[in-house]
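Position one of the sequence shown corresponds to residue 109 (our numbering), numbered consecutively onward.
Fair warning: there could be bad hints in the mix.
What the hints assert, rightly or not - For each label pair, taking beta carbons as the anchor points, the in silico distance ranges come out as:
1) M109 to V131: 33 to 43 angstroms
2) K224 to I204: 13 to 23 angstroms
3) V131 to I204: 20 to 30 angstroms
4) K190 to E145: 29 to 39 angstroms
5) E223 to T192: 17 to 27 angstroms
6) G189 to E255: 19 to 29 angstroms
Just so you know, these hints were derived from the structure itself, not from any lab.
The C-beta atom is built at its ideal place from N, Cα and C for all residues, glycine as well.
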Amino acid sequence: MALRNLRYEGDEILRKKSREVPVVDNKIRTLLDDMVETMYANDGVGLAAPQVGILRRVVVIDVGDGNVYKMVNPKIIKTGGKQTDQEGCLSVPEKIGMVSRPMNVRVEYLNENGEKVELNAEGLLARCICHEIDHLDGILFIDRVEEGN
Numbered sequence: 109m110a111l112r113n114l115r116y117e118g119d120e121i122l123r124k125k126s127r128e129v130p131v132v133d134n135k136i137r138t139l140l141d142d143m144v145e146t147m148y149a150n151d152g153v154g155l156a157a158p159q160v161g162i163l164r165r166v167v168v169i170d171v172g173d174g175n176v177y178k179m180v181n182p183k184i185i186k187t188g189g190k191q192t193d194q195e196g197c198l199s200v201p202e203k204i205g206m207v208s209r210p211m212n213v214r215v216e217y218l219n220e221n222g223e224k225v226e227l228n229a230e231g232l233l234a235r236c237i238c239h240e241i242d243h244l245d246g247i248l249f250i251d252r253v254e255e256g257n
């Protein structure tokens, strides 16, 4: 495993749409492991591949629930409810803002073994999934900050 360099607000790669991963191979597994290490080294709870300069639909998340989620080609297939809370981002240091997100999401993705997974998430995990998938579409949380926040 290796630390990857983070990309920051103003870097054009953060505004580009990421491509799907055609097959989960050793290169993608290495990327996932490197992203987890990089996320922990920077005290993050989530990280998307564009944040380390890779335009692939890959995210990692650890909200402290005992699981490390490694998601390839994640896609939200259902949402419910609403929550509004503060968000920050490793790629947008020193900024926080109030952002509304779904309270519940159902996400479909491939795990590190290339197996299809469907996950129901709520609260902080749902928020993180939405935040990281936004990165894959070139959207930063500051684009969603509610007016006056």
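### Query
Which of the listed hints are broken here?
Violated hints (numbers, rising): 1, 2, 3, 5; every other hint is consistent with the structure.
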